[in-house]
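Colleague: Residues per chain are reported as follows:
Number of protein chains: 2
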Amino acid sequence: MRKGSILYRAAKAATTRQQILALAADLASAEGVEGLTIGRLAAELRMSKTGIFAHFGSKEELQIATVNRAKEVFLEQVVKPALAEPRGVRRLQAMLAHWLKYVEQSIFRGGCFFAAASLEFDSRPGRVRDCVAALTKAWVDALRNEIAYAKAKKQIARGIVPAQLAFELHAFVQEANWAYKLHEDRSAFPRARRAITDRISSISRSSEQKLELKGSEP
Amino acid sequence: MRKGSILYRAAKAATTRQQILALAADLASAEGVEGLTIGRLAAELRMSKTGIFAHFGSKEELQIATVNRAKEVFLEQVVKPALAEPRGVRRLQAMLAHWLKYVEQSIFRGGCFFAAASLEFDSRPGRVRDCVAALTKAWVDALRNEIAYAKAKKQIARGIVPAQLAFELHAFVQEANWAYKLHEDRSAFPRARRAITDRISSISRSSEQKLELKGSEP
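These protein sequences, in sequence, are chains A and B.
All residue numbers for the first sequence refer to our numbering, where the first residue is 1123 and numbers rise by one.
All residue numbers for the second sequence refer to our numbering, where the first residue is 1123 and numbers rise by one.
Okay, chain A solo, but in the shape it has when bound (with noise of 0.2 Å):
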């Protein structure tokens, strides 16, 4: 590509979007999603103010895009190897494996994106908290999909209630999450671990059919 062409400079361009979202959102994942401002990229990146400004306009357009950024590294961290896993059980699993482990590994400085701005925008009305409201329900909704699938396959006992094994698995992830980030304890790992791998043991099919046969003894 020639440089100074058209085509040369809107991929230089795409490129410095790239990098500035990369920054903005590990930056905001520790500092938060409203602490983000275009004199601090620009500071971080040696660009000028006017040289950021010009790729999104508003600080609200910043702020979605990186919303938008850090949703692109969870598809890619967390969603897309868990899709590599047969549907039921085993892919729900994997979802909160690697979501774990996307935690565990400090993707973003601050640990989980998602978790640290659902907290900061849960009372600012308003675009970015529309995005990551919308975000994270469809994770929620992704697990209790999954669960679904699994209980209509009859791999899991007939009794459970998808939205609430929904709900309690999600919140191990989140904890961990949280006792990681603020008491900097790494055994929550394993106890988030031990608290899915129980769960989900307590509730399979092959338990259950234990003990249906322990219940058919004499």
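These are calculated hints, taken from the structure and not from any lab test.
Certain hints may be false.
Same chains, same names: a pair is fine if it fits in one copy or spans any two.
Unchecked claim - EDC-like mimics (lysine to aspartate or glutamate), calculated; alpha carbons at most 20 Å apart, straight line:
(1) K1181 to E1156
(2) K1181 to E1153
(3) K1275 to D1252
(4) K1223 to E1207
Here the structure of chain A is known, so what remains is to put chain B in place on it, guided by the hints.
Modeller: Here is chain B on its own, set in the frame of chain A:
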């Protein structure tokens, strides 16, 4: 008390300080402790900035005093009523029930003050973070100690690891706070109650005894 006397002025200052902190804790639960500014408080309370500044001296002192005010509310609303119950499983259940009620009743406009403050400060080293971390750790420890007591008194199954169970139960209440604040999902409260009840009854000695009786059948 004579108007203008030293005692009168001291009592009036204490009342004003309490008024400032009541508003500060409420605002901070929704908009963040970092977002607290003397200017904002002065505007809402129709006081001069100098008047407010005189009570705290610095922004950090104001933040620490706000966290301590939130602690007092938590003690009053959650800890004190739970202490009325006998130690062990009953007190553990009361601690969780009152905590959930305090979240559900939105004692602070932003939900659980400490859930909001933890996520806000987990990546911001300093005195405010240390204070929030110490208080939330004390609460997790209190849950764990109550479980350890219940175990020592044989109210719950022998195999229970108190720190593991405390992690799980604590997670359910934090999840309810998260779901309610972000998704305005009131069903999160019955879900958390169901999760807590199921978890505790699955390990209470009465059900264990039942299992043992079953196990000893011919």
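Colleague: My question is about K1181 and E1153: at a cut-off of 20 Å on alpha-carbon distance, are they close within one copy, between copies, both, or neither?
Modeller: both (15 Å within a copy, 18 Å between copies)
Colleague: At most 20 Å between CA atoms: does that hold for K1223 and E1207 within a copy, between copies, both, or neither?
Modeller: Within one copy only: 16 Å inside a chain, 40 Å across chains, cut-off 20 Å.
Colleague: Checking an output row: K1181 and E1156, CA cutoff 20 Å. Within, between, both or neither?
Modeller: Close inside one copy (9 Å) and across copies (19 Å); limit 20 Å.
Colleague: If the cut is 20 Å between Cα atoms, do K1275 and D1252 qualify within a copy, between copies, both or neither?
Modeller: Neither: 34 Å inside a copy, 48 Å across copies.
The structure shown violates just one earlier hint, number 3.
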